[in-house]
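Please model the complete structure; the sequences and the hints are all you need to start from.
Protein chains in written order, with the working numbering: chain U, -13 to 105; chain C, -13 to 105; chain R, -13 to 105; chain E, -13 to 105.
No lab work stands behind these hints, which were simulated from the structure alone.
Hints may contain errors.
[What the hints assert, rightly or not] 20 Å max Cα-Cα, derived EDC-like pairs, lysine to aspartate or glutamate:
#1 R:K67 to R:E26
#2 E:K86 to R:E26
#3 R:K67 to E:E26
#4 C:K67 to C:D(-4)
#5 U:K86 to U:D(-10)
#6 U:K79 to C:E41
#7 E:K79 to R:D(-4)
#8 C:K79 to U:E48
[Said to hold, decoys possible] Not everything, but these chain R residues come out facing chain U in the computed CB check (under 10 Å):
#9 A19
#10 S21
#11 E23
#12 F31
All residues carry an ideal CB built from backbone N, CA and C; glycine is no exception.
Number of protein chains: 4
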Amino acid sequence: MSNDLHAIRDAVRVFVDERDWDQFHTPKNLACAMSVEAAELLEHFQWLQDGQRDELGEAKVEQVRHEMADVLVYLVRMADKLDIDLGAAVVEKMALNRAKYPAELVRGDARKYHEYKDK
Amino acid sequence: MSNDLHAIRDAVRVFVDERDWDQFHTPKNLACAMSVEAAELLEHFQWLQDGQRDELGEAKVEQVRHEMADVLVYLVRMADKLDIDLGAAVVEKMALNRAKYPAELVRGDARKYHEYKDK
Amino acid sequence: MSNDLHAIRDAVRVFVDERDWDQFHTPKNLACAMSVEAAELLEHFQWLQDGQRDELGEAKVEQVRHEMADVLVYLVRMADKLDIDLGAAVVEKMALNRAKYPAELVRGDARKYHEYKDK
Amino acid sequence: MSNDLHAIRDAVRVFVDERDWDQFHTPKNLACAMSVEAAELLEHFQWLQDGQRDELGEAKVEQVRHEMADVLVYLVRMADKLDIDLGAAVVEKMALNRAKYPAELVRGDARKYHEYKDK
Chain U
-13 MSNDLHAIRD AVRVFVDERD WDQFHTPKNL ACAMSVEAAE LLEHFQWLQD
37 GQRDELGEAK VEQVRHEMAD VLVYLVRMAD KLDIDLGAAV VEKMALNRAK
87 YPAELVRGDA RKYHEYKDK
Chain C
-13 MSNDLHAIRD AVRVFVDERD WDQFHTPKNL ACAMSVEAAE LLEHFQWLQD
37 GQRDELGEAK VEQVRHEMAD VLVYLVRMAD KLDIDLGAAV VEKMALNRAK
87 YPAELVRGDA RKYHEYKDK
Chain R
-13 MSNDLHAIRD AVRVFVDERD WDQFHTPKNL ACAMSVEAAE LLEHFQWLQD
37 GQRDELGEAK VEQVRHEMAD VLVYLVRMAD KLDIDLGAAV VEKMALNRAK
87 YPAELVRGDA RKYHEYKDK
Chain E
-13 MSNDLHAIRD AVRVFVDERD WDQFHTPKNL ACAMSVEAAE LLEHFQWLQD
37 GQRDELGEAK VEQVRHEMAD VLVYLVRMAD KLDIDLGAAV VEKMALNRAK
87 YPAELVRGDA RKYHEYKDK
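Below, the structure is given as structure tokens:
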């Protein structure tokens, strides 16, 4: 499977069904779980300068990899339960972002970047 | 591209480079941004019962789709900056989870599920 | 001290100074840390129905109490570093909320509540 | 009221009762809402260096004040619904932290700080 979102979705379905955990997987509960995993990921960076690989160290990179996998699994599962195609959503959202942040207007300008992103 | 994580990574690279935004994309900043997007997603569910499609309504489903795309884009970008292969990380993490939560031990048991998941 | 926010702020100052941890306490880092603690709190509720005391159980209530204390400590510390008076901020925000959500307009109406709160 | 947590709790009770919103305030929903507010606070800092007052600017400081008030209001409300005394919880948690992070062991040492805090 590896890099295909539909293949990941299918693998997660099997994992959940084997454990009869679908009953806990309401979209709301999955949104909570994903937020929790995103924060566990953030925890590794909270007291660091910028969190580059060198600053993290290899042991932490391993933990970060696993937290990132957890976020992706819950995201894919939530998309599955809401019948949302994640890949199509990204294509659509990036088109919206291209219109919202025209390259020639926002290029390399931190101030403009902040103003735009904070809207 | 659609469902291939490497293709999404490449599209995000182009988008970021066109805007010269790579300078803002430290792993720490991306971890913050992803946590923020995950919470914006959660916001749609916070006062709902379980957040199924019917309870959300179609207008909200659209917003939820876009927030989910934002989470995925930041996740893919963070993986890129840390040189992490997300698909391989999921395969690895799911193998660990299979060992940690053996199906025959945790099947359909909310209590056991909680105990396990809270560890 | 107990219930006075200024007294809590003073106690946190002493704790931090004894450990020479002020150097890590930038507003950004504290915002990260508070978000992480809020998510650790949420983790206890993610698979529960509504998280009332009975559903949590006494052992969990103890952990929840401690996570809530962590959130408050980081919040108070952040206010201290930004020279913000938390008590005055609450008075001000509640006045704004009273104007934004007039009781006669939003009373007991989940639909209106959602619409308002999602704005 | 201002700086007394019990007075804030009482003011929030009045606000909620006037709107008949108690029905939405399960501990789980309040934990979601608080996590969302904490992330909205973090959003103001996500692309900044360290988020000191000068870097934020006065307009942002106002918004940050209000987000901090939101976090405190939900925290106080959650404590109320779970019958938890926040001030007492802080006293108790700080005593535990003093035992866990002895000043002479962790003083000013980022490495030790990280190791301790990441446990």
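Quiz item: Against which earlier hints does the structure fall short, listed by number upward?
Solution: Checked against the structure, the hints that fail are numbers 1, 5 and 6, while the rest are satisfied.
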